[in-house]
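Visitor: Protein sequences, first through last, are from chains A and B.
If you're matching positions, the first sequence starts at 270 in the numbering used here and goes up one per residue.
If you're matching positions, the second sequence starts at 311 in the numbering used here and goes up one per residue.
A hint or two may mislead.
As the list claims (entries may be wrong) - Within a straight-line C-alpha distance of at most 20 Å, the following computed SDA-like cross-link-like pairs (lysine to any residue) qualify:
1. 317(A) / 318(B)
2. 317(A) / 332(B)
3. 317(A) / 334(B)
4. 317(A) / 347(B)
5. 400(A) / 562(B)
6. 416(A) / 330(B)
7. 317(A) / 314(B)
8. 317(A) / 465(B)
9. 442(B) / 416(A)
10. 289(A) / 345(B)
11. 416(A) / 360(B)
12. 427(B) / 399(A)
13. 487(B) / 310(A)
14. 416(A) / 444(B)
15. 400(A) / 428(B)
16. 537(B) / 365(A)
17. 442(B) / 365(A)
18. 317(A) / 343(B)
19. 400(A) / 317(B)
20. 289(A) / 351(B)
21. 317(A) / 330(B)
22. 317(A) / 333(B)
23. 444(B) / 363(A)
24. 416(A) / 322(B)
25. 537(B) / 312(A)
26. 317(A) / 325(B)
27. 400(A) / 405(B)
28. 487(B) / 311(A)
29. 317(A) / 342(B)
Derived from the structure by calculation, the hints contain no laboratory data.
No experiment lies behind these values; they were computed from the predicted model shown.
Chain residues, written in single-letter form:
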Amino acid sequence: MADETGFSRFVDGLRSAALKLTSSDPEAEDLVQDCLASAVQGVGRVRKIELLGAWLHQILRRKWYDLLRRRALERRHRIEGPSKATGAEAEPAGNELVRHVLAGMDADARRVLEMRFFQSRTSVEIARELKRPVGTVRSQLFHALRKFESEFHRACPKETV
Amino acid sequence: MSCLAPERFVDLLDRGGLDAVSAEEEAHVQECETCRDRWATIAAAGEVLTEARPMRVGRVFRLVPLLAAAAILLTIVGIISANKIAPPVKSPMTDPLTLFLQGTPDEAKSARAALLKAGRSALPGLVAVRPKWKGSARLPELQNLIWAIKRDAAQDPAAASLLDKLDTVKIDLQFEKTEVVYVLAFIRSLSGQNLVLDPRIDAGTVDFLSLKDSTVRSVLEILCAVKELDFDVKYGVVFLSKPTRLWSTDHAVGLPAANLWRTRNEGAAVGDKLRSVRLTVDIQNSPMSAIAGYIQEISSVKVVASPGIADIQIVMKVQDLPLDHAIELLTLPYGWDARIDDGSVVLFDPKQ
């Protein structure tokens, strides 16, 4: 699959990034496979082939969030029983987790993230509204997104039996 | 080159993603693991946050009857026990979009008014939450609010009239696996309205679309919801594009409102001439220079396509559209512009 699409030269890099994220060989392998399966379906959307690597890493990261959500849901499933975390509840529960993480962040970071991603405003529009320099808002958003990622990871601990 | 600055990654997100990188950045990102990793981090987090936008009424609304009963009880107790009026309790500031979608009916009502007042700047957020409300009883309310904002924002009588027609003309249609451009061509032929798809957007195909006795407005709303697009009156036509291109006030992201000659008040006489001549064309891959020649022929205004854009092939179909708007359509969606130099209209690429 990877050879036909030109993904093969990125597989080692993806595997190493996946291992850093999951700290587990089997999980890293699953993550890379999930990532490549999604990438095959969406490869037509890549306009600049030189950016294929960055695009694949973005998908890998996205799949990692899905893995973390699954972990959190399974944990909830174990604690609250199957009826609370199945079927239609699964997706909202994932979003609930995102909102929970967001709620735990400092007010300023939360505010810029909500304005950017809930209200679809660009950094220029946010800067205008908050009366701050655009560079400051962009820097805040960048650091808030990284913080969000690490908090999300913390909220979905890996459980070992 | 050195690594991209953190702010640049956010700027790229605003501009729609990796497609916005420069050639130099492209070469760097291809090689640099740190930049690839930084991009992956913020783009993936952004996707996850976007998906978690407010989406459903859920438990809050299930508690409404209980909360209402509690409020009535408290009011009665308050009236009985208090001899003077208590100072109003200030509720914490909350985002009107969240309140409209998840607040109590009263909160939703006041949030609706606030969003209406915010005008077009509220539209990207409202349109973005729409897919998550598919099948919900609140979707019509959301669509109606989006429509009301568009309608209120259309101050110009011609723009208001275009929108009103969308809401009155009714059509039947049925399509299966058809490109959006053909669906739009069909609606255009039935409704007689200028519907133009942003030439920079590849809207793809619709798998199945079947509607009977539906207004053009509702057909467009459904089509746009499916394709994550939207429409508004722009450049004198009903223009379909990505919500951020339609309404963002960030110049790097949103489409400009008008050509440079108009914003700078250049060449009043030429401007009057362009407004007075109307254009009906079906251009299929003609070079810009040929189109400039045709406009010159019908308007007697000298029109020049600058060398950078003269050979680029254009597609455009409009009927009875004033030339000033036609020139906007020919330039602005492509990132080009038009100025007036010594009585001539010059179509040019500002980046060159």
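Visitor: So which of those numbered hints doesn't the model satisfy?
Guide: Going through the list in order, the structure violates hints 6, 8, 9, 14, 16 and respects the others.
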